[in-house]
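With the hints as your guide, set chain A onto chain G.
Sequence order for the protein chains is G and A. Here the first sequence is numbered in the numbering used here, starting from 777 and rising by one per residue. Here the second sequence is numbered in the numbering used here, starting from 343 and rising by one per residue.
Quick caveat, the hints were computed from the structure, so don't treat them as lab data. Quick caveat, the model's predicted, so the values are computed rather than measured. All C-beta atoms, glycine included, are put in the ideal place defined by N, C-alpha and C. Take these hints with a grain of salt, some might be off.
What the hints assert, rightly or not - Taking lysine-lysine and the DSS-like style, the derived pairs with C-alpha atoms no more than 27 Å apart in a straight line are:
no., chain 1, residue 1, chain 2, residue 2
1, A, Lys412, G, Lys846
2, A, Lys399, G, Lys846
3, A, Lys412, A, Lys353
To be verified - Stretch-level coverage of chain G by chain A, calculated; a stretch enters the list once three of its residues show a Cβ under 8 Å from a Cβ in chain A:
no., region
4, 864–870
5, 874–887
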Amino acid sequence: SQQGEEDPQALSIQEGENATMNCSYKTSINNLQWYRQNSGRGLVHLILIRSNEREKHSGRLRVTLDTSKKSSSLLITASRAADTASYFCATGLIQGAQKLVFGQGTRLTINP
Amino acid sequence: DAGITQSPRHKVTETGTPVTLRCHQTENHRYMYWYRQDPGHGLRLIHYSYGVKDTDKGEVSDGYSVSRSKTEDFLLTLESATSSQTSVYFCAISDMGNQETQYFGPGTRLLVL
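One chain only, chain G, in its complex shape (with noise of 0.2 Å):
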């Protein structure tokens, strides 16, 4: 079953202006995790935050978490064309191993 849902399912923006995309889910996680997808290729790591979190920043990315509300956001600030790629959301619960659950994904389009 889908953990994370994400909105919007695409987006399209210029240039320098700011991305913001969101993600819910409904059980209880121990962090959230956002990956990036170049088209045709895998999976990339760019940030977690974990459940007793609020907001976290990596260079142009910020994420938040409401544990209440279950849900979380990407902000990508002074966006580029180089951030053109799908973002996805993951929950992950660690339960031995940990165990991630994907959102569909949003695709970002950034128009030089």
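Below, chain A alone, put in the same frame as chain G:
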């Protein structure tokens, strides 16, 4: 890039034939995972391993089996491929010291005719 390779990278096969996909890592990571990616479904966990000969089922394990006889290799087998198993398959690894973060291989595109 994490040292993960997948083979083959592309495969076309016929319904009913067995297929084995290989994931090889050079990182000596403990945990290994197999996912499939389909349009509209994101990535779904098929099987995972938490050590040599230690494996467990994921969300969509029916029709798949796995084996891990060495730390570096994790094999995914489709005993009798079906058209519904046409997908892109990704292997991922994570380390015991930081098992939260998974590193993904380049993927294998499988087409079952």
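Here is how each hint holds up against the structure:
With a C-alpha separation of about 39 Å, the suggested pairing of Lys412(A) with Lys846(G) is violated against the 27 Å cut-off. A threshold of 27 Å between alpha carbons decides the hint, and for Lys399(A) with Lys846(G) the separation of about 26 Å falls inside it, so the pair holds. With a C-alpha separation of about 24 Å, the suggested pairing of Lys412(A) with Lys353(A) holds against the 27 Å cut-off. Coverage of the region 864–870 of chain G by chain A holds. Counting CB-CB distances below 8 Å, 4 residues qualify, and the rule asks for three or more.
For the region 874–887 of chain G, the assignment as covered by chain A holds, since 8 residues bring a beta-carbon within under 8 Å of that chain's beta-carbons and 3 suffice.
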